[in-house]
Amino acid sequence: MTAVVVGASAGLGRALAQALAGAGHDLVVAASDARDLEPLAADLRIRFGVKVVAVALDLGSDSPAIGRLREAAGELGGADALLLPIGWSAAGDGAPADPDMAGRLLRTNFLSVIAVVSELLPALRQRPRASVVGFGSVAAARGRGANMVYAASKRALQTWFEGLRHGLAGTSVEVRFYVLGYLDTSLAFGRRTLLPRADPARLAARVVRDLGRRGGLVYYPAAWRLVCALLPLVPFFVFKRLKI
Amino acid sequence: MSQGIARPVPESETTCFRSFDGGYQESASYRRPDRRRSLEAALEERPVIARGGGYSYAAASFGAGSLVLDMTRFDRVLRFEPKNRLVEVEAGMRLEQLLALSAPRGLMLPVQPGYPAITVGGCIAANVHGKNPQREGTFRQSVVNLTLVHPRLGTLRIDRQTEPELFELTCGGYGLTGVILAATLRLESLAGFTAVVERLPIESLAEALARVRERTAGASFAYSWHDGTPTHGRFGRGFVYVGQLPEGPLPQREWLPRYRRLTAASRRRFGLPVWGRTTSRLLCAAFRAAEAIRPTRVEMPLFEAIFPFARRGEYFLLYGRRGLAEYQSLVPHEAAADFLRELERELLRARAPVVMASLKLFDGERRLLRFEGSGVCVTLDLVRSADGLRFLEVLDRLTLEFSGVPHIVKDSRLPASVVARSYPDYEEFRERRRALDPRVSFRSELSERLAL
Chain W
102 MTAVVVGASA GLGRALAQAL AGAGHDLVVA ASDARDLEPL AADLRIRFGV
152 KVVAVALDLG SDSPAIGRLR EAAGELGGAD ALLLPIGWSA AGDGAPADPD
202 MAGRLLRTNF LSVIAVVSEL LPALRQRPRA SVVGFGSVAA ARGRGANMVY
252 AASKRALQTW FEGLRHGLAG TSVEVRFYVL GYLDTSLAFG RRTLLPRADP
302 ARLAARVVRD LGRRGGLVYY PAAWRLVCAL LPLVPFFVFK RLKI
Chain H
2 MSQGIARPVP ESETTCFRSF DGGYQESASY RRPDRRRSLE AALEERPVIA
52 RGGGYSYAAA SFGAGSLVLD MTRFDRVLRF EPKNRLVEVE AGMRLEQLLA
102 LSAPRGLMLP VQPGYPAITV GGCIAANVHG KNPQREGTFR QSVVNLTLVH
152 PRLGTLRIDR QTEPELFELT CGGYGLTGVI LAATLRLESL AGFTAVVERL
202 PIESLAEALA RVRERTAGAS FAYSWHDGTP THGRFGRGFV YVGQLPEGPL
252 PQREWLPRYR RLTAASRRRF GLPVWGRTTS RLLCAAFRAA EAIRPTRVEM
302 PLFEAIFPFA RRGEYFLLYG RRGLAEYQSL VPHEAAADFL RELERELLRA
352 RAPVVMASLK LFDGERRLLR FEGSGVCVTL DLVRSADGLR FLEVLDRLTL
402 EFSGVPHIVK DSRLPASVVA RSYPDYEEFR ERRRALDPRV SFRSELSERL
452 AL
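In the order they appear, the protein sequences are chains W and H. Whatever position you read off the first sequence (first residue = 1), add 101 for our numbering. Whatever position you read off the second sequence (first residue = 1), add 1 for our numbering.
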């Protein structure tokens with residue numbers, strides 16, 4: 102099997118790339134900085150003996166060269182799985198917000214995912230079985246005065262993946278979406294978190310295990326399903342007092 | 002993933018760092034960069050100090066108000082050429098990972114300190130030694146080239162030819178010359194994955210020295226272990242261990258053994274110190290008795306022979322919250338016998354709370370602030386009590402008297418005066434480091450204490 106991991110150089114993306122390579126899958130790994138991708142690609146080739154093609158892409162730019170992902174997947178015989186562990190947050194994501202920052206956040210977390218999936222979908226549909234895996238955030242459960250554009254981009258993404266799953270029902274492409282709580286990556290580093298941070302390697306093992314199974318919506322860690330169900334029910338006069 | 006525009010100033014966490022011996026602690030902000038961009042952003046702060054596994058007994062990777070850069074996310078293999086016996090790895094790679102990677106190809110690092118979670122970057126910065134420094138020298142002999150990140154000089158790939166001064170200063174430079182990002186290391190061939198260890202009972206330090214001298218040349222390693230408690234007015238009962246690595250089957254693929262990893266923080270789990278004069282006597286006697294009924298030649302997995310403390314972490318836990326005191330002194334051959342005689346006399350006189358002692362041999366040149374040279378390495382582990390700490394000063398005095406050098410990363414208390422008097426190149430190291438880093442971008446408690 103060949104998998105494409107976009108956002109592979111650090112955090113969950115790196116854990117996914119390692120788990121996939123550990124399971125013997127060839128990989129296309131993409132991230133913004135070639136200086137991070139080359140060490141990753143070399144490490145996976147040497148340790149796991151798999152083929153790895155690295156693609157440096159700036160997903161926050163106006164027109165990232167997404168076509169290169171398709172070409173790279175083609176070099177490895179075509180992709181069977183597309184994983185998009187992309188999550189960028191920025192300081193100053195409140196109100197008022199810098200429109201450049203907001204645009205960049207939306208392009209990175211939301212629009213680029215649509216572009217990448219759209220670019221690779223025709224080829225994925227040719228495969229006997231294929232998967233598209235997206236990653237959202239519990240921050241989307243209810244809007245707060247912090248991380249506003251980030252949370253909005255993740256809610257948009259979740260809705261788009263709902264639509265994608267519906268649209269691809271009955272085809273060979275399974276769509277799965279993970280709503281993530283805090284992980285022990287640089288995104289949560291240095292922040293006080295409501296629940297303990299989960300190990301990205303364990304999540305990655307789970308994601309790899311789930312590939313090819315029936316799609317759907319998964320909360321990870323699972324306790325967040327309850328939190329995300331209850332949070333919208335909290336009356337606003339209480340919610341506004343919560344320090345979360 | 003972080004995108005094109007500069008990521009906002011990455012968050013730092015604050016935590017209390019401790020030297021592994023428990024002797025020094027300080028709260029510090031730290032970051033764990035996982036990309037080149039976040040590493041470079043961190044280097045815009047000043048001062049900083051890189052941290053690997055955090056196993057230095059001294060506060061070498063934190064302190065003095067420095068931002069701590071946890072380098073353990075930089076732990077990838079960059080290049081592996083089994084035929085040329087070369088491997089290039091990032092500095093945060095732990096020794097166990099490197100052994101797991103190289104062993105199936107019949108290769109391993111020639112110099113490995115006793116704990117598997119120590120990182121390659123830490124090995125270079127402290128220029129550590131392994132089980133047989135007489136044969137293998139110290140860690141720097143395995144280093145072919147280095148990638149160093151420096152706020153003023155940028156990213157540099159250096160070796161003995163291109164940048165001999167900087168290369169020499171970085172090996173055993175305590176992280177004060179830049180952040181070590183990657184290194185190419187020369188491996189040696191590994192015939193099998195089992196060690197055969199022969200045990201010889203000995204009655205005194207002098208006898209141990211004679212045996213170790215006799216056996217080191219023909220063995221993979223030879224060292225002595227001594228019961229730290231005197232019996233019948235004599236000190237030094239114990240064993241000499243002589244190890245060989247015979248041919249045998251190698252692991253088929255990358256593998257990682259399981260053990261409970263100890264850190265400087267988790268070492269303190271046991272609140273009360275168990276080691277004391279009476280318990281040391283009892284436990285050492287029990288250990289000697291247990292060893293005496295085992296066969297004199299035992300086979301053990303290579304991992305255990307290289308990393309004896311991976312499965313004997315309890316030894317450190319038993320020192321309790323206040324920690325242990327270790328002293329390691331490298332005494333020239335010609336002074337060794339007198340040093341040991343004087344040491345025994347002082348030990349008996351002061352009734353120092355020693356738990357164990359050990360001897361092994363070194364060969365090499367004494368340069369800069371590296372724990373290296375030709376002679377006998379004497380290690381003592383003591384209870385970190387007032388008596389124990391007082392005895393460290395006696396050891397300072399003996400080391401100076403017999404022209405030895407103390408190991409800088411083994412003692413969180415070691416005063417600058419002792420280092421300045423014992424290491425002939427102390428001033429040179431200091432001047433060269435200051436010339437390289439005039440704004441003091443890199444600083445730790447160790448560098449401040451030793452006035453580097």
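Simulated from the structure, these hints should not be mistaken for laboratory data. Quick reminder that beta carbons are idealized off the backbone N, C-alpha and C, glycines included. Worth double-checking, as some hints may not be accurate.
[Unchecked claim] To give a feel for the contact side, a few chain W residues facing chain H, derived at Cβ under 10 Å: (1) 112; (2) 134; (3) 137; (4) 146; (5) 241.
Outcome of the hint check:
The criterion of a C-beta within 10 Å of any C-beta in chain H is met by residue 112/W, whose closest approach is roughly 7 Å, and the hint holds. Of the supplied interface hints, the one on residue 134/W holds, with its beta-carbon coming within about 6 Å of a beta-carbon of chain H, less than 10 Å. For residue 137/W, the interface hint holds, the least distance from its beta-carbon to any beta-carbon of chain H being 5 Å, beneath 10 Å. Using the Cβ-Cβ criterion of 10 Å, the hint placing residue 146/W at the interface with chain H is satisfied: the shortest such distance is roughly 9 Å.
Against a cut-off of 10 Å between C-beta atoms, the interface hint on residue 241/W is violated, since the closest Cβ of chain H lies about 19 Å away.
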